[in-house]
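K.L.:
Full structure from sequences and hints, please.
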Amino acid sequence: NAGVMQNPRHLVRRRGQEARLRCSPMKGHSHVYWYRQLPEEGLKFMVYLQKENIIDESGMPKERFSAEFPKEGPSILRIQQVVRGDSAAYFCASSRDREVYGYTFGSGTRLTVV
Amino acid sequence: AQTVTQSQPEMSVQEAETVTLSCTYDTSENNYYLFWYKQPPSRQMILVIRQEAYKQQNATENRFSVNFQKAAKSFSLKISDSQLGDTAMYFCAFMKPSYYGGSQGNLIFGKGTKLSVKP
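If you read the protein sequences in the order shown, they are chains Y and P.
As numbered in the numbering used here, residues 1 to 114 make up the first sequence, in order.
As numbered in the numbering used here, residues 1001 to 1119 make up the second sequence, in order.
Incorrect hints may have been included.
Just a sample of chain P residues kept apart from chain Y, beta carbon distances all over 10 Å, derived [claimed, not checked]:
#, residue
1, Q1008
2, S1012
3, E1017
4, T1027
5, R1043
6, Q1044
7, F1064
8, N1106
9, K1111
10, S1116
11, P1119
Subject to a maximum C-alpha distance of 25 Å in a straight line, what follows is the list of computed SDA-like cross-link-like pairs (lysine to any residue) [what the hints assert, rightly or not]:
#, chain 1, residue 1, chain 2, residue 2
12, Y, K44, P, L1084
13, Y, K44, P, R1063
14, Y, K44, P, T1027
15, Y, K51, Y, E41
16, P, K1111, Y, P61
Source of the hints: derived by calculation from the structure; they are not laboratory data.
Using N, Cα and C, we set each Cβ at its ideal position, and we do this for glycine too.
P.N.:
Laid out in structure tokens, this is it:
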């Protein structure tokens, strides 16, 4: 089992470009969570998705950010018109169900906006 | 709203010694889950230990144990026989269960404690 796979590991974008971050959950996991980690901070919840559905997007900025988890393929976190403040590490986690045992995290994508 | 506070930004310990990392949280919930995650320089988030609030017995995983004080809303992590590989950021996290069963899906993290184990 390859674990939660995130790519790319590092992503550099110029201000105004779009960033697309991918997350492939563990095999058999249908729940995906995205978190953002700013420098010197803990992880902050952004969005919780189940296949083809957004369950909770209470932590997602209202503009420029969107997430999807299609029936086939990885979950995608999309940031349009990136700004310097979007520079952070973005982590994806997955679980089999609404479990309470803690999630399996990927290694994150570090986004740098220049 | 729930909050998690880790009051020690950095700590260091000699190899083979014991160190305790502090965590306090604020919630009005009676049932919830608490976690310690380790983040080494590789950036991978690794689950270290987990505690259910309705269990009075403190969780233990090999060299890692917790001191869970529900009334004080305290959840400290003790690392015994520290090893160089324990050098990492350690994050305390809170999870509120869903009223419909299972988790609500949202982990709330503290800002972390940077632990350095010195040879």
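K.L.:
Any Cβ of chain Y at or closer than 10 Å to N1106(P), or is the non-interface label fine?
P.N.:
At roughly 5 Å from the nearest Cβ of chain Y, N1106(P) sits no farther out than 10 Å, so the non-interface label is violated.
K.L.:
Is Q1044(P) truly not at the interface, in the sense that its beta carbon sits beyond 10 Å from all beta carbons of chain Y?
P.N.:
Check fails; 5 Å does not lie beyond 10 Å.
K.L.:
Against chain Y, does K1111(P) hold up as non-interface, every C-beta pair farther apart than 10 Å?
P.N.:
Violated, because the least Cβ-Cβ distance between K1111(P) and chain Y comes to about 5 Å, which does not exceed 10 Å.
K.L.:
Please confirm whether S1012(P) is truly not at the interface, meaning its C-beta sits more than 10 Å away from all C-beta atoms of chain Y.
P.N.:
18 Å, holds
K.L.:
Can you confirm whether the C-alpha distance between K51(Y) and E41(Y) stays at or below 25 Å?
P.N.:
Answer violated: K51(Y) to E41(Y) is near 29 Å, above 25 Å.
K.L.:
Minimum C-beta separation from F1064(P) to chain Y exceeding 10 Å: can you confirm that?
P.N.:
14 Å, holds
K.L.:
Take a quick look at Q1008(P) and tell me if its Cβ sits farther than 10 Å from every Cβ on chain Y, holds or violated.
P.N.:
Holds, since 14 Å exceeds 10 Å.
K.L.:
Checking a non-interface call: every C-beta of chain Y should be farther than 10 Å from the C-beta of E1017(P). Is that right?
P.N.:
The assertion about E1017(P) holds, with a minimum of 26 Å to chain Y.
K.L.:
Is K44(Y) close enough to R1063(P), meaning Cα to Cα at most 25 Å?
P.N.:
Distance of about 28 Å is beyond 25 Å: violated.
K.L.:
Taking only the CA atoms, is the gap from K44(Y) to L1084(P) under or equal to 25 Å?
P.N.:
28 Å, violated
K.L.:
For the pair supplied as a hint, K1111(P) and P61(Y), is the alpha-carbon distance within the 25 Å limit?
P.N.:
20 Å, holds
K.L.:
Regarding the assertion that S1116(P) does not contact chain Y, is the least Cβ-Cβ distance greater than 10 Å?
P.N.:
16 Å, holds
Of the numbered hints listed earlier, those contradicted by the structure are 5, 6, 8, 9, 12, 13, 15.
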